[in-house]
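Student: Build out the structure end to end from the sequences listed, making use of the hints.
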Amino acid sequence: MKKLFLIGLKDLKLIFRDPAALVLMLAAPFALTLGLGFVTGQFGGSGSGIGNIPVVIVNQDSGQLGAALVEMFQSEQLSDLVTATQLDDPTEAFQQVDDDLVAAAILVPAGFTDSVLPPAGQSAPGRTIQLQVYANPTRPTSVGVIKTILEEFVNRLEVARVGGTVAITQLIESGLVPPQEAAALAVELGQQQADSLAESNAITLTSNVASEAAVNFNPLAYIAPGMALMFLMYTASNAGRTLLLERDHGTLPRLLISPTASAQVLGGKIFGVYLSGVAQMLILIIASTLLFQLQWGDPLGVLALVLAAVFGATGWGMVITALAKRPGQVAAVGSVIMLTFGILGGSFINLEVMPVWVQFASKITPNAWGLDGFSTLALGGGLNLLGRPILALIVMGLALFAVALVFFNRRGMAMK
Amino acid sequence: MPTILEVKDLVKKYGDFTAVKGISFNIQEGEIFSLLGPNGAGKTTTISVLSTLYAATSGDATIAGHSVSKDPMAVRKVIGVVPQEIALYEDLTARENLNFWGQMYSLSGKALKDRVEEILEQIGLTDKARDKVKTYSGGMKRRVNIGVGLLHKPSLLFMDEPTVGIDPQSRRAILDSVKDLNRQGMTVLYTTHYMEEAAELSNRVGIIDHGELIALGTQKELTRQVGEMETLVLHVDEMQDVQRLAKAVEALEMVRHAEVSDHSVTAIVPEAEEALAPAVTKANELGIKIRSVDIREPNLEAVFLHLTGRALRD
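As you go down the protein sequences, you meet chains A and B in turn.
Position 136 (the first sequence) corresponds to 136 in the numbering used here; numbering is contiguous.
Position 6 (the second sequence) corresponds to 6 in the numbering used here; numbering is contiguous.
Nothing false has been slipped in among the hints.
Listed next, the in silico PhoX-like pairs over lysine-lysine satisfying Cα-Cα at most 25 Å (straight line):
id, chain 1, residue 1, chain 2, residue 2
1, B, 113, A, 2
2, B, 132, A, 13
3, B, 128, B, 113
4, B, 70, B, 153
5, B, 134, A, 13
6, B, 113, A, 3
7, B, 128, B, 110
8, B, 113, A, 13
Residues of chain A clear of chain B, computed beta-carbon distances all greater than 10 Å:
id, residue
9, 31
10, 158
11, 323
12, 408
The hints are simulated quantities; they were obtained by calculation from the structure and are not laboratory data.
The beta carbon of each residue, even a glycine, is placed where N, CA and C say it ideally should be.
Tutor: Written out as C-alpha cells, the structure reads:
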C-alpha cells in the first residue's frame, strides 16, 4: 500500500513540474472563467445567468400558510430569480411542466394550514399534509433553486411550530397560562407565525448565509465549476496518458520488475491521476474564492463533491488510457472528450436550454453530475442534498475502472 | 563457485514469432557473463524474461534458487536491472530518482538516505544530484540508470547494452565500473553487440543469433572453434564493387571464408600476412582500389562470422 501512495505522489510531483500541463490544468480554466464572466457581465455588475425561473403554484389550501407560500414566491425579493404564476387546476399545472413551460409545479393541498396549525378546539391531525413539487427533469438547476426555497419555507415553518409548542408548554408549566386557554393561545400564535411567514420580509431568505446564497445566486458559481470540471477531464486523461508514456520511456517496465506487485503499480498510477485531479480542483476552488469572492457553498459538501467528481473523471481517464495504444492517442481522444463532455455536461451552456436527448446523454459525463452538485451548493444546499450526484459519480467511476481493468488485463500493462 | 542463474530450454514467443528458441545456460556466482549477438538476436527478450517482465512461453530459469515463472517476486528482490533505455524520470533530480527507486526496492529512512548518497558518490554525480535528469548529458543519464540498478545491492545484475549511444569516454567509465562491481563480488549478465566489450569484460560469453545460443564458453574456447584463424579485412572505397572482390578473395586457396560488410571484405585465413599479397593482387586485377587493410588475431567477431556467415554488426 505504501508503494501505491509513493507512485501516486511521484506522479503528482511530476505533473506539477510540467509547465504545459499546468497551463491547461490551472491557467486555462481560470482564463475561461474570467472570459465567460466578462461576457456574461459578472464583472461589470449587470448580472445575468440563472433567473426568472418559471414556476406555477396551485394553492388548494384555504389557510394562511398556502397564501404565505404564494406571497413569498411572488415577493419582490425573489422577483429576479423566480417568475411564479398561480393556477387552480393541478392537471393543467402538471401539463405545463410536461410541456417544459415551467421548471416546477408546486401543489399546496387543501387542509395544509389546518394540518400544521389546527383551528381552535380541534386537535392536530396525525400527519401533516405535505407540499408537493412536480419537477421538470430537464431543468435540474432551476428545480434545485425551487426546492431550496421551499425547503427554507418548510424549515422556518417547522421551527416556528416547534418553538410555539415549547413556548406554550412552558407558559402552562410556569402557571402564566391556564391549561384551558392553551388551545386558543396556540391558534393565536400559529396565526401570528403564518402572518409573519406570509410577509415576504419575514420569510427572510436572506436572513442567514444559506438563504442569502440562494437568493443572490452568482452565475460565476456555475461558470467556474463548469470550467474546472471541463479541465478536470483534461487532467484525468493527461495523467492517465503518463501510464503509456512510462511504458514507452521504460520506467513502467522498470517498476514492474521491481518487487512491486503490478496491482500496486496500476493502483499507484490511478491514485496519481486522482491526486492530480483533486489538487487541481481544490486549487481552482481556493483561488476563485480568493480572487472572485466566489461562494462555493458548504465546504464539506464541496470537498465531498470534488472527491466524487474526480473519481468519476479518473474512471474516464483510465478507460481512455486502457483503450489507447500510444500516448498521442490519449492526448487526442482526451481533448475531444474534454470538449465534448464540456458541452454535453453543461460547462458552456446551461443544460436546461439543451434538447432532452442532450440532457439525457449528459448523464454519462462527470461534468453534468458535478455541476448539478455545485449548483445545489451554490444555492445554499448542503452535503445532505448531494446524495444523488455523489452516488452517480462514484458508480460511474467504479464502472469505468472495471472496464479499464478488463482492457489492461487483456493487453498486459508492459506490452506495447 | 555455486550457480546463481540456471536457464533451461527457455522459449519466448510473440504471436507467431519466436524471439528466444529454447536457450540453456548457467552463470556462476562472481562471474561476468556476456550474451553477444547482433540487434534482434533475442538478448533483450532473454533479459526481459529472466527479470520477470514477460512470462516465458516454455522452459524456466532459476535465480538464486527462485523460479522466474513460479516465484517472480523473490527473483525481483535479488536481481538488479540496468535496461537498455534510460528508464528514469527526467523531471526529477538524480537524488529524487534514486530515492523513488530505492523506495520501490523497500529501502527507507536512513538506510535509503545513506545508500542514495553512496550511489551518487559511486557514479560521480554528488555535485549534480540536485539537477533534473533532463539537464544531464547522455553519459550522465547512463550512470544514474546504472545507479538505480545497484541501489538494493543485488546478487545478480542484468546490464542490457548499457553503452549504446554514448561517447567513448562514458563508455570507458561504464566498462570500468562493471569491472569494479565484479571485483566487489557482483555477478553480472551483460548483453552487447560490441565484440570488444564482451572480450574485455567477460569470463564467459554466450553467442546468440536469431534467438538461439549458437556458442558458449570462454573467449579462448570460442576462438578455438575457428581453428586459430586470423581475420584479414580489406577496406575499399564506397564506389568500388566490393561483392566482386569478396568472390575473388574467397576463391583464393588459403582463404576459408570471405564476407562483405560496410565497404570492406572480411576474410578468415590461417595466416593473414600470407593471404594479404594474393588478395591485393586480385583487387588490382579487378581494378578495385584498396583504401586500408586490417589484420586481426582470432577473436569473437571471427567466431560469429565463422558460425553464422555474417558479421556481428550486419
